[in-house]
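**Student:** Letter by letter, the chains look like this.
4 protein chains.
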Amino acid sequence: MELFNSVESNVKSYCRTFPEVFHKAKGAKLFNESGEEYIDFFAGAGALNYGHNNGYIKERLINYIQSDAITHGLDMYTKAKREFIQKFVDSILTPRDLNYKLQFCGPTGTNAVEAALKLARKVKKRTNIFSFMGAFHGMSMGSLAATSGIGSRQGAGVPLDNVTFIPYPVGCMGNIDTIQYIETILTDDHSGIEKPAAIIVETTQAEGGINVTSVEWLRSLSELCNKHDILLICDDIQVGCGRTGEFFSFERAGIVPDMVVLSKSISGYGLPMSLLLLKPELDIWTPGEHNGTFRGNQMAFVAATAALEYRENTNMDKGTKEREEFIKNFLNERIKPLHKDFDIRGIGMIWGIDFSLLGGEKSSKEIVTRCFDNNLIIERAGREDVVVKIMPPLNIEMDVLEEGCKILEKSIIEFLSNSEYGIAIESKIEETV
Amino acid sequence: MELFNSVESNVKSYCRTFPEVFHKAKGAKLFNESGEEYIDFFAGAGALNYGHNNGYIKERLINYIQSDAITHGLDMYTKAKREFIQKFVDSILTPRDLNYKLQFCGPTGTNAVEAALKLARKVKKRTNIFSFMGAFHGMSMGSLAATSGIGSRQGAGVPLDNVTFIPYPVGCMGNIDTIQYIETILTDDHSGIEKPAAIIVETTQAEGGINVTSVEWLRSLSELCNKHDILLICDDIQVGCGRTGEFFSFERAGIVPDMVVLSKSISGYGLPMSLLLLKPELDIWTPGEHNGTFRGNQMAFVAATAALEYRENTNMDKGTKEREEFIKNFLNERIKPLHKDFDIRGIGMIWGIDFSLLGGEKSSKEIVTRCFDNNLIIERAGREDVVVKIMPPLNIEMDVLEEGCKILEKSIIEFLSNSEYGIAIESKIEETV
Amino acid sequence: MELFNSVESNVKSYCRTFPEVFHKAKGAKLFNESGEEYIDFFAGAGALNYGHNNGYIKERLINYIQSDAITHGLDMYTKAKREFIQKFVDSILTPRDLNYKLQFCGPTGTNAVEAALKLARKVKKRTNIFSFMGAFHGMSMGSLAATSGIGSRQGAGVPLDNVTFIPYPVGCMGNIDTIQYIETILTDDHSGIEKPAAIIVETTQAEGGINVTSVEWLRSLSELCNKHDILLICDDIQVGCGRTGEFFSFERAGIVPDMVVLSKSISGYGLPMSLLLLKPELDIWTPGEHNGTFRGNQMAFVAATAALEYRENTNMDKGTKEREEFIKNFLNERIKPLHKDFDIRGIGMIWGIDFSLLGGEKSSKEIVTRCFDNNLIIERAGREDVVVKIMPPLNIEMDVLEEGCKILEKSIIEFLSNSEYGIAIESKIEETV
Amino acid sequence: MELFNSVESNVKSYCRTFPEVFHKAKGAKLFNESGEEYIDFFAGAGALNYGHNNGYIKERLINYIQSDAITHGLDMYTKAKREFIQKFVDSILTPRDLNYKLQFCGPTGTNAVEAALKLARKVKKRTNIFSFMGAFHGMSMGSLAATSGIGSRQGAGVPLDNVTFIPYPVGCMGNIDTIQYIETILTDDHSGIEKPAAIIVETTQAEGGINVTSVEWLRSLSELCNKHDILLICDDIQVGCGRTGEFFSFERAGIVPDMVVLSKSISGYGLPMSLLLLKPELDIWTPGEHNGTFRGNQMAFVAATAALEYRENTNMDKGTKEREEFIKNFLNERIKPLHKDFDIRGIGMIWGIDFSLLGGEKSSKEIVTRCFDNNLIIERAGREDVVVKIMPPLNIEMDVLEEGCKILEKSIIEFLSNSEYGIAIESKIEETV
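Protein sequence lines, in the order shown, are assigned to chains A, B, C and D. Going by my numbering, the first sequence opens with residue -2, and the numbers climb by one from there. Going by my numbering, the second sequence opens with residue -2, and the numbers climb by one from there. Going by my numbering, the third sequence opens with residue -2, and the numbers climb by one from there. Going by my numbering, the fourth sequence opens with residue -2, and the numbers climb by one from there.
Just chain A, with the same shape it has in the complex:
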């Protein structure tokens, strides 16, 4: 690790929470160089919905490489790309009666967000974008302007313009009727806020602190966009690809955003890839207007095609629902009773335990450290990182899921027992025997 410390830039982050050199991984488990096993409740920050090195995908990937099929990433026509497009249309779009065109962007989520914002501004000939407080959309200058974290924004070194932040309906501004707020801004000729080309939204904020919007709110937002001729962009980078129980996180509301941004788990194997879905009438791009060398990551296409097959073969959404039930029950029945001040929230297989009222950032940090010491990889999210985030692979084995949850429980109990906050002893005794 000395090499990392001396040669790798200080910007490195996740390795600080998990100070081990990892080497292998399978399913929901990671192994360090000595072979020690860790259960993974972080899933590559959401890039591993199908688990580490998923065997089904792996085989296809190796075959592809072995056959000397095209690897490089230019956006030329390839067999691999065509197969992915076909599979995506057949498996995802058509069954949902969705009519989107596909744009392959630079293989990072932020690059696809950049593309979406560019296109929205180009289509609507307006410069402003509405984004929500708590939002995370990426770190390159265009998407960073729509990202709310002050720490991230300060890195820009220049003012970040042309984005207006709107209170999110869940969280610290929860008492404001945000739809009415936007409606007033748009109709008041003295709001000072220019009508946006688009509103970009996460249906559930992950980095913002596991804030789940209601179905009603999403529908109202969609109607408002419609009414005011504003594009609705759904950033499904972290909570898409099945994370909330359906492929798209917005399906539960029955809305159809004008653009959808996918990345992270779309390749299914942790390979860099991003995808922008856009309604056909928005496709006014000129050739190469959003260009890049790696927009055709062929290996990712092969993996992504296999991943979609794997989803179907394993009836994944059903499995997600079952695991959601388990997690929800575990958190509500085993964690919540430990202290009255826990705030627990989530959807599908992304859940958070909020330590705001239990010491905040210091406590949440202690939890993830204790978990790591107990061989569970789990991260934090939210304002000042006060939320412990539970986000395992969607196909985690039930016993591994349970084991991970128990490590989390144990770590929390240890923390509470040694803290000023105390613990509801009865539940402790009851549960941990």
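It is worth saying that the hints were derived from the structure and are not from the lab. It should be emphasised that the depicted structure is a prediction, and the values quoted were computed from it without experimental measurement. Take the hints with a grain of salt, since some may be wrong.
Taking lysine-lysine and the DSSO-like style, the derived pairs with C-alpha atoms no more than 30 Å apart in a straight line are [claimed, not checked]:
1) K23(B) - K359(A)
2) K55(D) - K224(A)
3) K122(D) - K119(A)
4) K362(A) - K76(B)
5) K26(C) - K55(D)
6) K276(A) - K26(A)
7) K98(D) - K362(C)
8) K119(D) - K362(C)
9) K26(D) - K76(C)
10) K21(A) - K76(B)
11) K55(A) - K23(B)
12) K119(A) - K224(D)
13) K192(D) - K21(C)
14) K119(A) - K98(D)
15) K98(D) - K55(C)
16) K192(C) - K359(A)
17) K224(D) - K362(B)
18) K76(B) - K55(A)
19) K224(A) - K362(C)
20) K362(B) - K98(A)
21) K122(C) - K121(B)
22) K84(A) - K26(B)
23) K325(D) - K122(A)
24) K362(D) - K76(C)
25) K21(B) - K55(A)
26) K122(B) - K318(C)
27) K318(C) - K192(C)
28) K122(A) - K121(D)
29) K122(B) - K224(C)
30) K121(B) - K55(A)
Once you have looked at the hints, place chains B, C and D on chain A.
**Tutor:** Relative to chain A, chains B, C and D alone:
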């Protein structure tokens, strides 16, 4: 191809020049679905300096995947990353007496440029950046602001600020003493132009039209930066990794930029990866200040490590020099005599034939189309795309190189013979018999 | 008038509401070329708190000009400027225990706002400014960015950056606890909104629609600024100089803003002048850093000095209170009963009748047109211009004030009687006999 | 003066060069409180082309005030405004065959520049503006972005965007063919510089250092604008109103800018006023789109009308030519021989002596200080203030002009004699006996 047309966004670009569905590739050759062979003088836009599916790298990659070693891309410590860092230090930095820290960015060149610009602004507490007319640095908002192409810039949909464009010493502003120009701007208290945090430069502009700067100019630029406390950022995305005959394109001038951006061929296998080198004293990043999901593309690390070994094993820079000689001679002895109005320029294994005086964009387009019909993949660059760009893999077999050059020659002769510009017949007869 | 129509730019505005060529004026009356008399309830948009061509000031002005004292406007030391400074300190600052330095800006309100925003950013080294929805601060690019009217903003032709608009506690966002809203923005590390250098506020919004903030709100705002190290700038251009009953509009709340912007009535004679008051510790300007040719409008200084004397001699604040009572009573007892849907609000001698629920902009326009036909000059304000604004000179004679009010009443009655909205007849009969 | 020091903001500037309290003024002379006389070679920074308190104008002004004619500044129709418009059309526009509409802006030069830039952007729907290195156009945010002085720009506190600075053909970039430079920028699709809505130019830069462009250059610039559909804005604030020998400074080149900005001497009496001339087809303003309280400074209209009469009555342009001859001769025959390193330049009645090669800023400062001690008011301009600027009223009496010139000569001789630069003694003896 109908599927691509109906479902893939109009933004697609390279596929328009090469309207074939490709499937396999090896070395300097691509094969379409029917198995037809194409010689590749484009090299994945510079991402394939070691050729398609390089065997040495391929083996290591397959072994890595087969062993279920870590695939996902978070910036955790991994064995694969450590091995790459060690190899890069030992093989590239130490022999050149360079002392850089390594920052792994989102796996696209533009993302590393974004990081470089952010860091420069943060370090120097200034918002302005100098970039050069003709420059290409990427398409996300921060790097797009430093990219000169009007077509690319118009896609932004908002004004692109905080960058000042400076005449490049080669090309249409070649008559201006650009160093003196910058010096005057910086010392004139009424220039209206804020002192920049950094100057970002390509030592040879690729997209700008294969413009090769002189060693003297690069040294003057470096001295000027030093004198005025401005950081020098070398964007070596396209012309680094050996393209000009040495690993870094700036080595020939004996200068040491404050930051160096690498991407494209760094992974050696066309896999998405980018790398920012920065002088240790600049490393004032806070953890995660430039974050991203795929900054640790492990497969790319494995490939990149193998690629550095391959460079050494095959004495690649020597081979590049030999091929450079061949290309230069071919262009000067076989192409140039065909018409007095050809402007031929280049360095290492990136060369251009400028058709400005021979019909411009229309003619260059005809050339690449004729070449493609003759099974040579070659692209255009430069202002209004008037330059035909020769950029094969660095390790292209000599006979394939020769064959490709002859296809190019043939295509040019056909073009000239059928054009209003005429052809110097003697040379034609002499050369093609 | 043909000359105006053919030669003067279409940008002209007030003349459209009052299509007469005016020639003379005295006190609260204007006279057109034919000598026809108009009562003035507009007071030069607030620039004539002491009435047209106030005799006391006029004499001093003529004497000054006749004596060939300095007229030009450079910021050299002059006797006239010194006398103004001394009078302002003795008459305004010292009695209120205020310790401000004086900055003379270009003689327009917008120029002083520009200076205030520049200085705030310079002092706090932050780029953002908070302004309120409904705010009007001027039309040059810096103050326009803090002005909320969409129509005004669209004239900029470029995005207006570095200002965040906050809901104002009165008006269409009245249901939001705006202090809590700001507090949350400032403490939430994911609000996306940069901490501002300053908050600029009108204690009563004039253009925004005669929205009067509460004393409690002003105190909370001041405390919030203090707590978060943010400067508080009071834009007292329209409602300062005695308009609300005291010289500064913020006196009623007992707060002391860090900067105060004065213009309009400061010269007392309608002459262009502006003044920025700043706490001494903020005075980090370098010489000439906010420069201009007319910052020393000597005639305005002479007039302004005389105006301050006139204020004292006539016990003006007391007179304002009396007239406030009259207006308030008239509006509540004679206008309000005419229709249940009138919203009447105001303070001191700035009052508004809101026609939002009575046909809006169309109705308010009809009222001011009817008034003009009846020889009363009165303007509109507010969102979509739905508010009829009553703003006579502060020293208007009581009988003229009453006459003007009766013209207004008559015009409203005529309007209602002929409208779909109907009129509460009883009150009509009762009141107008 | 203590009062000024303790109460007036540090931003004050001219008073620092002329540390006296002034009280009266007439023609080309100023008098301090003790009645001591100073010759004025500064003319209110160009606002007093007709001298201090010009008797012809003064009489009209006093009559106007005495008659209680309209004083306040709203843009209502008034007799005074109509008379000015008529006189301006008859006296200035018609004889020159110019067809402009008139826009009255906030009564500062910067405000009219703001209006011009807004309108250009609105008309052309482009955000960029070209301005020249060395330019001064004002200090409010919009015009400040087009002002080149670094000291002024740093006061903004935010990046100043949407303006590109172009080398001016005279001065430190004099070796560049600036027309060719602009042409290349506009036609190179990789210049990185967006086509501007307008080019704003001073035909002679005053603050930039008395840089006089050639007639050929102005014509080329005008043609270039025409060719590329770019508006040409002439900022004639300082060198218009007769300063260069004709009413408009651009008349000598026979060009017709699309917009012309006037201020400073337009009122003729030092009263705040500004005026934007625009070709009728550009007048797409909506009513009130560039608004302000003092756009109708009636007193300034009255003075301006009288000033135009005075111009005609006194055949002012002829007088200016005579004085130009005197100044030119004096500088070339009496000052230039004093030292080979003087650079003397100018046009009409604005001239500069450049001390760049004679100690620069330190020396020029000593000169103006010595002059002031010798009762001559003269200021500096140019890069680092190295140019002593001669700019008396246009109607200065010949003997006063000569006396002022001799004080300047004496001050320079004293300076040189006591300096390391030496003096050409012969000329000294010859000239000063």
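**Student:** Hint check: K26(C) vs K55(D), CA-CA at most 30 Å. Holds or violated?
**Tutor:** Cα-Cα ~26 Å, so holds.
**Student:** Within 30 Å, alpha carbon to alpha carbon, are K192(C) and K359(A)?
**Tutor:** Holds: K192(C) and K359(A) sit about 24 Å apart, inside 30 Å.
**Student:** Holds or violated: K121(B) and K55(A), Cα atoms, limit 30 Å.
**Tutor:** violated (46 Å)
**Student:** If you draw a straight line from the CA of K276(A) to the CA of K26(A), is it 30 Å or shorter?
**Tutor:** violated (39 Å)
**Student:** Sort out whether K224(A) lies within 30 Å of K55(D), counting only the CA atoms.
**Tutor:** Since the Cα atoms of K55(D) and K224(A) sit roughly 61 Å apart, the hinted pair is violated (cutoff 30 Å).
**Student:** Would the pair K55(A) and K23(B) pass a check requiring their Cα atoms to be no farther apart than 30 Å?
**Tutor:** Holds - the C-alpha atoms of K23(B) and K55(A) are around 22 Å apart, at most 30 Å.
**Student:** Between K122(B) and K318(C), does the CA-CA distance stay at or below 30 Å?
**Tutor:** violated (53 Å)
**Student:** Does K84(A) pair with K26(B) here, judged by a C-alpha cut-off of 30 Å?
**Tutor:** holds (28 Å)
**Student:** Could you grab the alpha-carbon distance between K21(A) and K76(B) and see if it respects the 30 Å cut-off?
**Tutor:** holds (9 Å)
**Student:** Does K192(C) lie within 30 Å of K318(C) when you go C-alpha to C-alpha?
**Tutor:** Measuring from Cα to Cα gives roughly 39 Å; hence the hint is violated.
**Student:** Please verify whether K325(D) and K122(A) have alpha carbons no more than 30 Å apart.
**Tutor:** violated (55 Å)
**Student:** Has the given pair, K119(A) with K98(D), been kept, meaning a C-alpha gap of at most 30 Å?
**Tutor:** violated (35 Å)
In summary, the structure is inconsistent with hints 1, 2, 6, 13, 14, 15, 23, 26, 27 and 30 from the numbered list given earlier, while agreeing with the others.
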